[in-house]
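Novice: In the order they appear, the protein sequences are chains W and V.
With our numbering as the guide, the letters of the first sequence map in order to residues 1 to 441.
With our numbering as the guide, the letters of the second sequence map in order to residues 1001 to 1273.
Hints listed in this document are in silico derivations from the structure and should not be mistaken for laboratory results.
Mixed in with the good hints, there may be bad ones.
Said to hold, decoys possible - Distance condition first, Cα-Cα at most 20 Å in a straight line; then the derived EDC-like pairs of lysine to aspartate or glutamate: (1) V:Lys-1098 to W:Glu-12; (2) V:Lys-1182 to W:Glu-12; (3) V:Lys-1182 to V:Glu-1167; (4) V:Lys-1182 to V:Asp-1172; (5) V:Lys-1182 to V:Glu-1164; (6) V:Lys-1100 to W:Asp-45; (7) V:Lys-1182 to V:Glu-1166; (8) W:Lys-203 to W:Glu-12; (9) V:Lys-1159 to W:Glu-12; (10) W:Lys-344 to W:Asp-370; (11) W:Lys-430 to W:Asp-340; (12) V:Lys-1170 to W:Glu-12; (13) W:Lys-203 to W:Asp-187.
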Amino acid sequence: MGDKKKKFQLSESQLGYLMVLPALILIFAVTLWPVAQSFYNSMFDYRLNDPTRNQTTLSYQIDLERYADNYFFYERDMEQLISETEGTEMEDTVVSIQNEISDYHQMIVESDNIGDQFAIVDEMVINFEPVNDNDLKYGQIDNSFSEDYIDVLESADEQLGTFFEQEDDEDLAQTIADANAQIGQLDRSMIRPNFIGLQNYGKYLTEARTWSAMWNTVFFTVISVFFELIIGLAVALVINRAFIGRGAVRAAVLIPWAIPTAVSAMMWSYLYDGQSGIVAHYFEQLGLISDSSVLLSTGSGAMFSIILADVWKTMPYMALLLLAGLQTISESLYEAAEVDGAGKVQRFFYITLPMLKSAILVALLFRTLDAFRVFDLIYVLTGGGPANSTESISVYAYQVLFAQQNFGEGSVLSVIMFVSVALISILFIKLIGSDLFEDKK
Amino acid sequence: MRKKAGLPFYIFLSIFIFVTMFPFIWVFLTSLKPPSEIFSSFAWFTTEPSLNSYINAIQTRPLFLYMWNSIAVSGLTTILAISVASLAAYAVTRLPIKFKGTILGIVLAAAMFPQIAIISPIFNLIQGLGLRNSYMGLVIPYITISLPLAIWILATFFKKIPYELEESAKLDGATPFQTFRKIIFPLAAPGVFTTAILVFIAAWNEFLFALTINSDDSWRTIPVGLSLYQSQFTIPWGDITAATVIVTIPIVIIVLIFQRRIVAGLTSGSVKE
């Protein structure tokens, strides 16, 4: 056993790479790959609730059930049209349309990959059986064949359209219209690839709701992180001393941080409630708001409520990080400053703040990113309302992705979110410099 | 010249603690009130406390099942994250490998990823694997949250272990893996434990993945289950407050027991010592 072990001995660095590997593979699989996937999906008309578009596809498909069903009626209406146009100048064109379509139809029937599939579906359609199996219902067809067939169908449609407009005889015009409608149905049973390039971006980048969600997110992030920092710093400065009851303070600070945001949002929705909410009631008594229902039923009231709940939950955490930073500042610095005659204010600005700079920036980075992706708090407390006035980008993206089941358009909002977070991170990391990594190398 | 704490300081402290704890206090007091009193008065203390709300909270929804689901999901997440992350953090901090900065950079970047940016592909992945409404269906996406967090904090703790011990183990003929298992791991155990608590809490609190992936009521976790108490015609504040009290108790106990460790873990990654 001992010998065997020696034989397979890895060098330290090889072992090191081997130890890092599982973590990197997992991180790649659950974060990097999905982000790339979101980018990809955002360029498709991709909806979960529409069977013709519930996958991202670059190739054509054919809805065989619809096609088989319509081809039957198409043949009937086309025969009718040919017999009625006999002898007129339309005859040649109509016959050639029929020939062309029937050529393509024959190619489908005889095709190696979907010929058999078509026969089964056709049989079912004739017996009025619904085709519930999607693998059977949708056939894969060659892209260039589909494009040619669609061209034929569309030019036939155009041709018959002109005939229809020029025809004075009402009965004949009706027959033309019927045949044409069936051709249109055949055309619609051909499913185009749902790749649409940047169209989704065009839609969402010009839409007012996106920008108002972006504004809400930025407003919420800036205001709540600002207050968290200021109050957190003040609290940290005050409690940075020896006193009895540190344990109680630590617990009071940690409990709001530790409970799930969704649970605290439920608690606050009770406290803000217009009828039985104590906070709403006291605010009304103090004259801060005109009526206790204002907090959750008006846009600005709801935004205020969310920010207050967020500051309550995360300010203690901020205070904790800054307190840890304060405790690393050497006492001798303050003593020396005092000897030199520096006042309290000067000591704060010339010693405390510069020494705390990296702790503050790191805390700000994490808090800003956390606040920017806010979801639970808003989803549970206001649901984005009233009238979308508190909707953040995350909440909006969730609505499009899962309430509307539109994975293509929703992915645009996901990508917008990702890009914003990347920009914020780059900005902060520029400010912090490489400090963050230095001591870990 | 540490400032001494005087009376004004303690008054400030009491106000601070009262304000942060007020929502909990009020929710607890409400949970003991009979329903009629909740909707009619703002009195702090009820004259006839009852446990009716608690009984209702347990009966209307499977609260204990939600708790069990949360414990299972968070526990599995913690075990997975710690086992993978401790290897990675050890290699990054103590073994002679290249690209350490890049690896930590990727880890940090992953920690910053907004969940909403990856939710739809993850949803498709879990759906494709047939893991919706299962514990693994949440444990897999929770890697995005737990693994970077665990690597980052563990790296800080591993860094603090003196190198001399490792070198003497090496002189005695121990392989790097033996050194890790017999020397480093026992010494790092407190740090590992702290990391485990933080990962557990992070997984316990997650909402978005739990909401979308485990949509069946019998697989819901606490945050999602509790948020659904309100989706009825009248909002049963009595039940909600009672349920809140019940689900908050485990977290409060964890925090009270491990507060020193939690603070150490939270501040380790962000403050240089």
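Novice: The structure should be examined with respect to each hint, and the outcome stated for every one.
Specialist: Going down the list of hints, with the structure as the test:
1. V:Lys-1098 to W:Glu-12: Holds, because 12 Å separates the two Cα atoms, which is no more than 20 Å.
2. V:Lys-1182 to W:Glu-12: holds, 16 Å
3. V:Lys-1182 to V:Glu-1167: holds, 13 Å
4. V:Lys-1182 to V:Asp-1172: holds, 13 Å
5. V:Lys-1182 to V:Glu-1164: holds, 14 Å
6. V:Lys-1100 to W:Asp-45: violated, 41 Å
7. V:Lys-1182 to V:Glu-1166: At roughly 10 Å apart (the allowed maximum being 20 Å), Glu-1166 of chain V and Lys-1182 of chain V satisfy the hint.
8. W:Lys-203 to W:Glu-12: Distance of about 54 Å is beyond 20 Å: violated.
9. V:Lys-1159 to W:Glu-12: Holds - the C-alpha atoms of Glu-12 of chain W and Lys-1159 of chain V are around 17 Å apart, at most 20 Å.
10. W:Lys-344 to W:Asp-370: violated, 33 Å
11. W:Lys-430 to W:Asp-340: violated, 35 Å
12. V:Lys-1170 to W:Glu-12: The hint holds at about 11 Å.
13. W:Lys-203 to W:Asp-187: At roughly 27 Å apart (the allowed maximum being 20 Å), Asp-187 of chain W and Lys-203 of chain W break the hint.
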